[in-house]
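This is what each chain is made of:
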Amino acid sequence: MARIVGSIMTSHVPAIGAAIARGVQAQPYWQAFFAGFPPVHEWLARVRPEVAVVFYNDHGLNFFLDKMPTFAVGAAAEYRNADEGWGLPVSAPFRGDPELSWHLIESVVGEDFDLTTCQEMLVDHAFTVPMKLLWPQGPCPVRTVPIAINTVQHPLPSAARCQALGAAVGRAIESFPQDTRVVILGTGGLSHQLDGERAGHINKEFDLLCLDKLGTDPGFLTRYSNRELVALAGTQGVEILMWIAARAALLHEPRELHRSYHIPISNTAAGLLLLENAAARA
Amino acid sequence: MSSTTPAIPGTPIFGGREARRGYALNRMCFSFNEAANREAFRRDEAGYCAKFGLDAAQRAAVRRRDVLAMIEAGGNIYYLAKLAGIFALNVQDIGAQQTGMSLEAFKQKLLDAGR
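For the protein sequence lines, the chains are A and B, in the order given. 203 is the number that our numbering gives to position 203 of the first sequence; each next residue is one higher, with no gaps. Basically our numbering = 1-based index in the second sequence + 1000.
Honestly, the hints are just simulated from the structure, not real lab data. Keep in mind that the hints are not guaranteed to be accurate.
[Stated by the list, open to error] Computed footprint of chain B on chain A; a stretch qualifies when at least three of its residues, placed anywhere within it, have a C-beta under 8 Å from a C-beta of chain B: (1) 34-41; (2) 79-90; (3) 199-211.
[To be verified] Cβ-Cβ distance ranges computed for the label pairs, FRET-style: (4) A/Gln137 <-> B/Lys1051: 43 to 53 Å; (5) A/Lys132 <-> B/Gly1100: 45 to 55 Å; (6) B/Ala1046 <-> A/Lys132: 32 to 42 Å; (7) B/Gly1114 <-> A/Val90: 30 to 40 Å; (8) B/Asp1066 <-> A/Leu251: 25 to 35 Å; (9) B/Glu1045 <-> A/Met68: 21 to 31 Å; (10) A/Trp135 <-> B/Arg1115: 49 to 59 Å; (11) A/Gly110 <-> B/Arg1115: 47 to 57 Å; (12) A/Lys67 <-> B/Gly1053: 48 to 58 Å; (13) A/Pro177 <-> B/Arg1043: 50 to 60 Å; (14) B/Gly1114 <-> A/Lys132: 33 to 43 Å.
The beta-carbon is built from N, C-alpha and C at its ideal position, and this holds for glycine as well.
So here's chain A without its partners, still in its complex pose:
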């Protein structure tokens, strides 16, 4: 049976991708942010996941307002990145895992989630930047299953619903009959706001509360409405929904192995959290 080794949550700001492309990770502005990642690299080298299931939000590369799915799951053999319009280099395609995708779709729809399934799906910076952060050297070593959660157009799914989705995805993976090691990614956040007179809003206190609660008391975050999350964390800080889903996929008392938090990257408070599933320690 497949095993979930843990979840990694990280910011996905495009500027990070630009910094990687320019090779400026050691510059003063970037050093503290990139310094957060070696412990995660060491953990990945130790647990060697074969598949990454990635909760992320599309920012207008694959989906437009003509059709806006609340939850969309990739079911392709390959996922391509493409020009997003503002100059980030296009990354190499990522391998899919259609068998796991369809198993996951069967299982999660079987639990009454109404998913959109995508046999063609462009993945944007919210997918590609974290992959490059986690596996900076060489070609990406894992197969992938992207799961996009709508954060473009309200109403967005609630924190409670994203938590329920994450748990259903966790159960789906654990019932996959192949002997496969799976890591869960949740990308986005933490607090930031790009639009309006409150642009530049950052809430360190709330971010640190989220980091504290995700590991030990994830239900705490589901008490917030999305409007409350926007008020606290900013219009784009609502991407914490991806972290909530990625945390919920861990069904066996995860423990926190690493975190880092840095203000600012571009307009964003950047967070990184590594939770190891009990299954990885078995």
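Given chain A, put chain B in place with the hints provided.
Just chain B, lined up with the frame of chain A:
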């Protein structure tokens, strides 16, 4: 967000009303994923806006590079970022513009948030 929900100051919520109001503007911005379309906009800005059916308020906001006015006219920041890219404005430039701060002051505000 329902129209009865109290506003969060300075914080646009892009819901159904905005999605309807801004459809033409956002559809134009979505087209800027393609380099050829960015080039077509650069060559003939007014013609490109007309082709996508932008209304007077949307065309004026684009002409003035006024991000708050684009949002007021239904623009969504993720799509608008692609238009801003054509004007060589990044999210910090448009953050400064929307808050009425200099770019330096806006960047300092972000650094100060970490203290």
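Consistency of the hints with the structure:
1. 34-41: violated (count 0)
2. 79-90: holds (count 6)
3. 199-211: With 5 residues closer than 8 Å to chain B, the segment 199-211 of chain A meets the three-residue bar; holds.
4. A/Gln137 <-> B/Lys1051: 43 to 53 Å: 45 Å, holds
5. A/Lys132 <-> B/Gly1100: 45 to 55 Å: This hint is violated: roughly 35 Å between Cβ atoms.
6. B/Ala1046 <-> A/Lys132: 32 to 42 Å: Cβ of B/Ala1046 to Cβ of A/Lys132: about 39 Å, so the range 32 to 42 Å holds.
7. B/Gly1114 <-> A/Val90: 30 to 40 Å: Between B/Gly1114 and A/Val90, where Cβ atoms are some 32 Å apart, the hint holds.
8. B/Asp1066 <-> A/Leu251: 25 to 35 Å: 49 Å, violated
9. B/Glu1045 <-> A/Met68: 21 to 31 Å: Hint holds: Cβ distance 28 Å, inside 21 to 31 Å.
10. A/Trp135 <-> B/Arg1115: 49 to 59 Å: Violated - the Cβ-Cβ distance for A/Trp135 and B/Arg1115, about 33 Å, lies outside 49 to 59 Å.
11. A/Gly110 <-> B/Arg1115: 47 to 57 Å: 49 Å, holds
12. A/Lys67 <-> B/Gly1053: 48 to 58 Å: 19 Å, violated
13. A/Pro177 <-> B/Arg1043: 50 to 60 Å: 56 Å, holds
14. B/Gly1114 <-> A/Lys132: 33 to 43 Å: Given a distance of about 24 Å, which is not inside 33 to 43 Å, the answer is violated.
Violated hints, listed in ascending order, are 1, 5, 8, 10, 12 and 14; each of the other numbered hints is respected by the structure.
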